Amino acid sequence: MPLARQSRIWPYGGVHRWPSGATSEPHTHTRGHLVYAAGGVLSVHTEQGTLIVPANRVAWIPAESTHYHRTHGDTDMRIVFLPPSLALRAGTRPAVLLASGLVRELLLTLTGSRPLDRGTRARLHRVLVDELREAAEQPTRLPEPRDDRLRAVARILDDDPADNSSLAVLGRRVGAGARTLSRLFHDELGMTFYEWRTQLRVGHALILLAEGHDTTHVAHACGWANPSSFIAAFTTIVGTTPGRHSRGR
129 MPLARQSRIW PYGGVHRWPS GATSEPHTHT RGHLVYAAGG VLSVHTEQGT
179 LIVPANRVAW IPAESTHYHR THGDTDMRIV FLPPSLALRA GTRPAVLLAS
229 GLVRELLLTL TGSRPLDRGT RARLHRVLVD ELREAAEQPT RLPEPRDDRL
279 RAVARILDDD PADNSSLAVL GRRVGAGART LSRLFHDELG MTFYEWRTQL
329 RVGHALILLA EGHDTTHVAH ACGWANPSSF IAAFTTIVGT TPGRHSRGR
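The sequence shown begins at 129 in our numbering and counts up by one.
Rather than coming from a laboratory, the hints here were simulated on the basis of the structure.
Please note: incorrect hints may appear among the correct ones.
Okay, the calculated beta carbon distance ranges per label pair [said to hold, decoys possible]:
# : residue 1 : residue 2 : range
1 : W138      : E265      : 26 to 34 Å
2 : A296      : I137      : 45 to 53 Å
3 : V297      : I137      : 18 to 26 Å
4 : A263      : Y322      : 37 to 45 Å
Since the structure is predicted, the reported quantities are computational estimates derived from the model, not experimental observations.
Note that beta-carbon positions come from the ideal geometry of N, C-alpha and C, so glycine has one too.
All chains, full assembly: derive it from the sequences and hints.
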């Protein structure tokens, strides 16, 4: 595992600056915490699914949730631990939330080099949680399938997101009918196969963009027939175009 180029840890948070391709060991924390990528893209892998965290998102990880991180592009990872009283308001399962401009500034202030007194930190924590409670959960959380047949489909498409096989064709490869798989996607993951595949592809696209690939390459590598259809799907899910995202806007 590549070593962090710079790390600062204190009781209420931390900063890790990782090179691209760094992966942490699976671990848990006794307190719930927020994870934010001030630069680069971070994927947070939990037992419930994978959270893709670009610069306009923040991940919430409840206490005692086993998880590990992987960086895509040089990544400036910020961690903010919440006191138990506020953590209860943040939710009981991992989630990805929209990071507004105010949320971003709060996270950067709480993890900055300037020391904060206890009262200031408590006030900033309360404002941060209030802002995040108003933020909609974002579709860059890819839930983890439980059924073995769904897991097999997920492995196929995770290995090759450009695979355009129909659900019927994939079903023959994993030993299940298209109708059965369609029902499992709905019942287990709460979405259609095509919605799930689009989210998986956008997750891969975020990673490839962080690694410096251009829009045309990313579109084809992730299964879109042309860049314009990729840009439309990416913008719908991420909230900005691939070009603006790559430029950090």
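Quiz item: Does the Cβ-Cβ separation between W138 and E265 fall within 26 to 34 Å?
Solution: 29 Å, holds
Quiz item: Taking the beta carbons of V297 and I137, is their distance inside 18 to 26 Å?
Solution: 48 Å, violated
Exercise. Indicate whether the distance between the beta carbons of A263 and Y322 respects the range 37 to 45 Å.
Key: 26 Å, violated
Quiz item: Do the beta carbons of A296 and I137 sit within 45 to 53 Å of each other?
Solution: Since the Cβ atoms of A296 and I137 sit about 50 Å apart, the hinted range of 45 to 53 Å holds.
In this structure, the earlier hints numbered 3, 4 are contradicted, and the remaining ones agree with it.
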